[in-house]
Amino acid sequence: MKALTLIFIEILQAIVVIALAPAFAGWVDVLKCWTQGRTSAGVMQPYRNIAKLFVKDVVIADNASWIFRFTPYLVFGSAVVVGSVVPIISMNLFLAPSADIIVVIAIFATARFFMALAGMDIGTAFGGMGASREMMVASLTEPAILMAIFTVSLAGRSTSLLHIARAFASGALVLRPSIVFAGIAFVLVVIAETGRIPVDNPSTHLELTMIHEAMILEYSGRHLALIEWGAMIRFFLFVTLGIACFLPWGIAVTDNAGDIATSVFLMVIKLGIAGAVLVLIETGLAKMRLFRLTEFLGAAFLMATLGVIAFFILE
Amino acid sequence: MIAPIELSIISVVAFVIPVLFVVVIGNDPRRLIRMSFSVSALASLFSVVAGAMAVAGHNVEQLVLPLGLPTLPFHLRLDQLSGFFIFVVGLLSFFVSVYSVGYVSGLGAGKPVKRLIVFYNIFIAAMFMVCLADDALCFLVAWEVMAAASYFLVMFEDGRSENRRAAYLYMVMAHVGAVLILLSFGVMAGVTTGFEDFSCYTFDAMRAAKFPLKWATVAFLLSFFGFAAKAGVIPFHVWLPEAHPVAPSNVSALMSGVMLKTAIYGIVRITFDIIKVFPWWWGTMVLVLGLVSAVMGVLYALMQHDLKKLLAYHSVENIGIILIGIGLSMIFTSFHLPVMAALALIAGLYHTMNHAMFKGLLFMGAGAVLHATHERNMDEMGGLIHLMPWTSAFFLVGCISISALPPFNGFVSEWLTFQAFLLSPSLPVPLMKLLIPMGAALLALTGALAAACFVKVFGVIFLGNWRGHSQHVVTEAGWSMRAGMSLASLACLCLGVLPAIVINWMDAISESLLKARLVTTSGVYGWMWLTPVDPERASYSGPLVLIGIVAVCAVTYLLLHVKPGNISRVPVWDCGFKKLTPKMQYNAVSFSMPFRRIFGFLFDIKEQIRLVPQHQHPAFPENSQYYLRVRDRFWGWLYKPVIDRVVLLSRKTGMLQHGRIHVYLIYSFVTIIVLLALL
Amino acid sequence: MNLQVLAQVNSFLAALVLLTAFAMLSQRKINSLVTLFAWQGLFLSINTAVVGFVASKHHLYISSLLTLSIKVILLPYILHVLVVRLKIRKEVETIVNIPTTMLIGIALVIFSYHLTAPVREMSTLITRSTLAVALATVMIGLLMMITRKHAVTQIIGFLAMENGLFFAATSATYGMPLVVELGVALDVLIAAFIFGIFFFHISTTFDSLSVEQMESLREDN
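Chains as they are written, first to last, in numbering that gives the first Met the number 0: chain A, 0 to 314; chain B, 0 to 678; chain C, 0 to 220.
Don't read these hints as lab results, they were simulated from the structure.
Since we're looking at a predicted model, the values are computed, not measured.
Hints may be right or wrong, so weigh each one.
Said to hold, decoys possible - Here are the in silico distance ranges between beta carbons for each label pair:
hint : chain 1 : residue 1 : chain 2 : residue 2 : range
1    : B       : 566       : A       : 14        : 49 to 55 Å
2    : B       : 642       : A       : 314       : 37 to 43 Å
3    : A       : 204       : B       : 582       : 20 to 26 Å
4    : A       : 169       : B       : 566       : 31 to 37 Å
5    : C       : 207       : B       : 429       : 44 to 50 Å
6    : A       : 271       : B       : 573       : 50 to 56 Å
7    : B       : 174       : C       : 96        : 53 to 59 Å
8    : A       : 169       : B       : 557       : 54 to 60 Å
9    : B       : 470       : A       : 204       : 55 to 61 Å
10   : A       : 204       : C       : 207       : 42 to 48 Å
Beta carbons: idealized from backbone N, C-alpha and C, even for Gly.
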């Protein structure tokens, strides 16, 4: 019975992740429209986009190899696997010990590796450009994200997501400068990792500035749908990862249905607020020149490092 | 039941057989190649078994051979540490020997294949002897034989002056290193007997001795820098990118995959086994040099567009990562934290094994590509995935492994190293607590840059369209080359997915060196989960991650293909302009351009764009030329001045030479008189 | 309020002061620099009041108010007027690029942590752990003066250094005697006035405020 409940929770969470991710992306888009004085297409628009793409036929370039066709599945698959280890609705995930926070970041890195390869597969200039830029941004983000993780794991005495979340949720509410710094760094890193303004602009195909869009320019039909969906899940997961590390209060500790329902409810609220914060940042900033990104990501690294330093100096 | 040490000696002796083949059936190259490399593969397998048994067997075997100088016989010893290195060397030698059957046959007529076979076997046997040696004499003899054999292998195509130069540089660096190691042994043996005689040349005697800190430091520094010259630690790395590209690829695979590791073996042997007690700054020095090598190695690699040179720089990077683990372990040991030291040491050694596997695999893949295209410049390749599907798949495994991405093996050792970094807050020195996390950030940077570099490598060589000018017909590698690469790929996958089993096996090494085990903490969840410190702290399950991703991918694929999906293949959309040409693709140089902009200050970069004006008007250039030269700064900083000094000094000394016999007689005469006066 | 919470507030404010110091180091626009400087002053003044409460040293309230009025209101206003009058709009030029400056800044923080370790061992004050931050703020101010070309940013660097010193005094010994603090505050104020007047004249005479112009004073032989 116990095992069955655990499996049920695990499946429930996977479904929540897969199903809610487009809604979250839609919510962010809606907020963005409001802040910019436009009418929005509604929270459901990403679902309609995905559904439309699934119906369409796939058109592939002549010289595309198996990597091009395999990548969408990998992007989606890795996102779903990560979705089953991050504590989102419950802290009783039996799969969670199979990947700690470093592994989670590395699984995302694997997906990115294949995405960059897929970008280079067709042999157009845009694909290569996107791949090169994506890997450049990634290589500068990685140290920052690691330092942020380092701070959190120092404070939680573990790299396991469950233990970090439990340690923070059960501890008293204290003002810890190190966690605040790490949190700021994490927000900056999330912006860079999920390709939002000022690092990348997900809503344009402007040749000279695009990064992520340049890599997936040749995709169509269900492949594109999987990549888009995977990207939404990834965005969703980065935000929930942040919530699990920095604001874990309210995630269900027990197995009973009432707790899990509250936990889902609280998570929706937290996600709504997190989306608003991200939109405010995005609207307030302009897209940066590519080589100014070193400063943006340098700031993220600085924040994360200050987090580690503050942990030792001030706590 | 045969003892492991006897088995390993049999294996070393068995390497003589291929050399005999050269004499016996030398006139039938096809048969010679096939038979001799099969025997090498078999002999390597013996060592694999011997090494595995030695690590698992928990006992130490010793043997005295009646060889060597009178009264100074060779001592051999097979303990867990040497067993592990013999296992690694043997495993890669086995893969590479299988691969060599096809590779060497394909080298073409007119190449000195016989010489290759002779030195190839001597080289491998010497590596085994280095790991087995238990006295300074035997160690140095084996070490020098290894260096000399590899020198001749680097000189394989001695017709070209650049190859001779590379081999010469390698020889000089190897010898500088060997002299330092010799001096280090001299110091240790001398301190043991109070500089009276050389009877304490065995490692056993040195182990028993207590070294005063001053002498221990001298011995450690000498041996460390001696081994560092061999391992290619920055700033002693200059020979690596020169020697690796010119050697045949199977030899590069061995040199990069395992020969560099013998230096790691030496460092571990001397610090943890012989000196044992040391201050914390030794470890810090090793850690810092490791970090510098890792970051600089990968950055230099990113700038290369010669495939084998790039891989050679990646060896510098990975040696750096190994040294990070070993340095951390030394720091923990000096503060008496044996369990943490065991974790860091295992991380370093695990990466040693991983690097041997994936770097061997990548060099084998590079050999297959070079063999098929006759091209080393990546910018002349492209789209090989269609022509060489197997090679590309194996090469991709290597790329993922070296980029430290799950579920392959590079990730496991890097993850273990991160866990070791995370234990640094238990150190008692406040400054180190703050500084060591910075090291973790550098390691993360290294991993991400390596991933970027291998996206470039794989993307430019195997994906896209053919960029080259030559109309050479490219064909897939032969069966034996594919077999060698597939075995190495399998090893990469297994080491990545089942690390818990491997680490349980390797635990004997840390137990014998540090008297601390990881098993007590890591065995809680069984073989599926790797929990190096404590399941509460960190856990990773390779099998579950792999199965999870594969399962989700498969289910998605099946769901989307309930009804037959239709895919239409069309030419690439060219936006309605003139037809796209392969020249418009990103190549290795353009891929690394953002990195050149950001990290350019570390290199000596010369970049020029020249516009070639049309005859009519200078404002409408017809053609533009791009010129780029990226050079290693260390050459100018460190080596150039030394070389200039030496040349100057030799020129000065050369003035003594007159060619007249009377003058030479005067020299001898003066020398005798001076000596007589002094004594 | 218990002491534990106050100590946390204190260390949190220290973190914010350090953060503003780094933000100033990485900021290119002079206007934002002035704003950041004002924020730093604000955190400093709150911190002084908190320390005053914890240590029940009432003269610290006065110096807190002094900080608030001079460093948060008056000095930023003067600087702002200066910027407007001098019509400085373009971005500040730096000598060393910003990511490198930040890395040097991190190194300085670690170094000051190392330097203050003995003091931390000896001191029993609740604020002792923030001493490293104070020293780091001083060093970062100096670093800012070194890496910037524009004269106005150099004054801001100078003032940031003074902030660091003030912070150090508060956290090491619960503040300097009130007389000294008054004197220093007045000095800083007057220095800012004099700088302002000078810069105004310099820029009207030479059309530039870049300190690199001083290189031409060198005697060429």
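Hints, verified against the model:
At about 29 Å, the beta-carbon gap between residue 566(B) and residue 14(A) misses the expected band of 49 to 55 Å. Distance hint check: the CB atoms of residue 642(B) and residue 314(A) are about 52 Å apart, inconsistent with the given range 37 to 43 Å. Checked against the given bound of 20 to 26 Å, the beta carbons of residue 204(A) and residue 582(B), roughly 24 Å apart, stay inside it. Between residue 169(A) and residue 566(B) the C-beta distance comes to about 52 Å, which lies outside the given range of 31 to 37 Å.
Taking 44 to 50 Å as the suggested C-beta distance range, the pair residue 207(C) and residue 429(B) conforms, at roughly 46 Å. Between residue 271(A) and residue 573(B), the C-beta spacing of about 44 Å breaks the proposed range 50 to 56 Å. Between residue 174(B) and residue 96(C), the C-beta spacing of about 42 Å breaks the proposed range 53 to 59 Å. A C-beta distance of roughly 42 Å is found between residue 169(A) and residue 557(B), which places it outside the suggested range of 54 to 60 Å.
Against the hinted window of 55 to 61 Å, the Cβ-Cβ separation of residue 470(B) and residue 204(A) comes to about 37 Å, which falls outside the hint. Between residue 204(A) and residue 207(C) the C-beta distance comes to about 44 Å, which sits within the given range of 42 to 48 Å.
Violated hints, listed in ascending order, are 1, 2, 4, 6, 7, 8 and 9; each of the other numbered hints is respected by the structure.
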